[in-house]
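> These protein sequence lines map, in sequence, to chains B and C.
In case it helps, UniProt numbering puts the first sequence at residues 1 to 304.
In case it helps, UniProt numbering puts the second sequence at residues 1 to 304.
These are computed hints drawn from the structure, not numbers from a lab.
One or more of the hints may lead you astray.
Because identical chains share one entry, a pair is satisfied inside a single copy or across any pair of copies.
[As the list claims (entries may be wrong)] Below, in silico cross-link-like pairs of lysine to aspartate or glutamate (EDC-like), each with a Cα-Cα straight-line distance of 16 Å or less:
(1) Lys91 / Asp231
(2) Lys91 / Glu300
(3) Lys299 / Glu206
(4) Lys48 / Asp81
(5) Lys297 / Asp208
(6) Lys299 / Asp208
(7) Lys56 / Glu45
(8) Lys297 / Glu206
(9) Lys90 / Glu125
(10) Lys260 / Glu300
Keep in mind the model is a prediction, meaning the values are calculated, not measured.
This is what each chain is made of:
2 protein chains.
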Amino acid sequence: MKVAIIGGGAVGMLVAAYFNKANINSVIYTRRREQAQFLHEKGLELIKNGMTTTSKVMALPFSEGLLEDADFIFITVKQYDLDPILDYLKKNKIKIPIVFLQNGMSHTLMISDLYSESIYLGIVEHGVLKQSDNCVIHTGEGRLKIANYSGEPGKIIAISDALNSIGFPIIIEENWYEILAGKLVVNAVINPLTTLYGIRNGGLLENDFYFLNMRSVFLEVIQALALTNIDNLWNDVISICQNTGSNYSTMYKDIEQGRKTEIQSIIGYILEEGEKRMVPMPRLMFLYNSIKGMEAKGKEERND
Amino acid sequence: MKVAIIGGGAVGMLVAAYFNKANINSVIYTRRREQAQFLHEKGLELIKNGMTTTSKVMALPFSEGLLEDADFIFITVKQYDLDPILDYLKKNKIKIPIVFLQNGMSHTLMISDLYSESIYLGIVEHGVLKQSDNCVIHTGEGRLKIANYSGEPGKIIAISDALNSIGFPIIIEENWYEILAGKLVVNAVINPLTTLYGIRNGGLLENDFYFLNMRSVFLEVIQALALTNIDNLWNDVISICQNTGSNYSTMYKDIEQGRKTEIQSIIGYILEEGEKRMVPMPRLMFLYNSIKGMEAKGKEERND
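Excised from the complex, chain B in its bound form (with noise of 0.2 Å):
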């Protein structure tokens, strides 16, 4: 068994060590060069409770194209950085089943002219910050939730046997849709406002104005989305921000350090949906041109 990892970052080093574990062969593809090289010199750092695990790990270049040997690829860069992949992919015509794991949702409308025999989606819980290059913090354990999406869905079972066995948990769900809409729901409400607002994600639920705006914007975005299931919604923003309450939202970090955020594949996604329904999403939009607009601002700044 041997697994492609596109993306260097968070996300794709933390399946990396897992897959190191559970003795799974896997190869980083990064877009940096000088990455893979780090990778491939130092090895993969995973820090855990304070405790560093060193492993060896084969990383190379995206650009030098996908050794065509593998038996699955995990796709893990942002959504905002999937156009050149996908190109790729398409182009060279490739086969091998894929794993896409990116918040938001616009990547969904892009997967469909794919070759690959079967292609599932899924999401991470788990909480984590790439450190430097070559190592990644296991901040919160979570889960990968995963779902086929078109093909086989039997393929994936190998691999969520192997990380299973060794506690790093995959659930296999039926629908795709609602593992991606419930993280987004979860993602749209709690990322703007805790950026906008400059707090932590539990300042949402400790001030009673915030608060009332969350609400404001959840029925927005459910209404955007044609979502029925709204108490249990409701209940995972609430719990998530009660659980990650000290934490701060990728989306603060972002705009802190002056990079692009998720807000087109989280709330421009929502805008086209409820576009299509005719739904006015007056705080949507606003909070989408506050969001990007912090971004240009940070951008004008380090232009400076």
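With chain B held as given, fit chain C onto it using these hints.
Chain C only, in chain B's frame:
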């Protein structure tokens, strides 16, 4: 001619300084006894273009009551500090003509049962900054715009002539609603957005995404207040953003300093008016909660 100025803030001290220049006797009534004593002992300092002018001024704590020999009362406190003053004026059936100089419009709903023979409502277009308890900086030349609300409209003429003659212009307008609504629109659009984004006023024009939000908030304000001269009002917003481009709004400064903001008398009033007209105001509601939340968060941090 003797004028009672209620309020020892930036506007109260500015007006008092120009009354002095125009040889109009004035008494500043302050909330805190120590400020009255300080003003009395040290004199009133006005800084303009880097030059300081000091003049004698009479000052008393408002808690001791108004001297009843004033010909006019100028009330310059913030809208949220008006209650005890209005109570006093009503309880003591004060008949002296009054000029109200507040942001927002909530106070216009609270003055119809005063005993004053003439009431005026006005706005301050000057740039002005309280430097200390006896010193005010006149940072930008503007005008007082004043209109009659009830009673004899000509009562103000002696004062306006005196101030106009020394280059501190008062413009007498016909329609108080238009003056106050115009400033309310400007404040409602610029103040909460610049506070939320932590930017100078000019930042709303320089960032395409913030600009889109500014326009959509503006349109909600217009509908809520059922205003018709949309193009003129929009031009006012834009030109004030330009003219004060490098300044932070008072609301931004209030939040930064952990002070109470004028959100209630600005957005709070518009929400009430819009509700009467059944206008949907999702963005204004969102902004209201955002600023109230920032106030509450600041308060909580101060209590830490």
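> So which of those numbered hints doesn't the model satisfy?
1, 2, 4, 9
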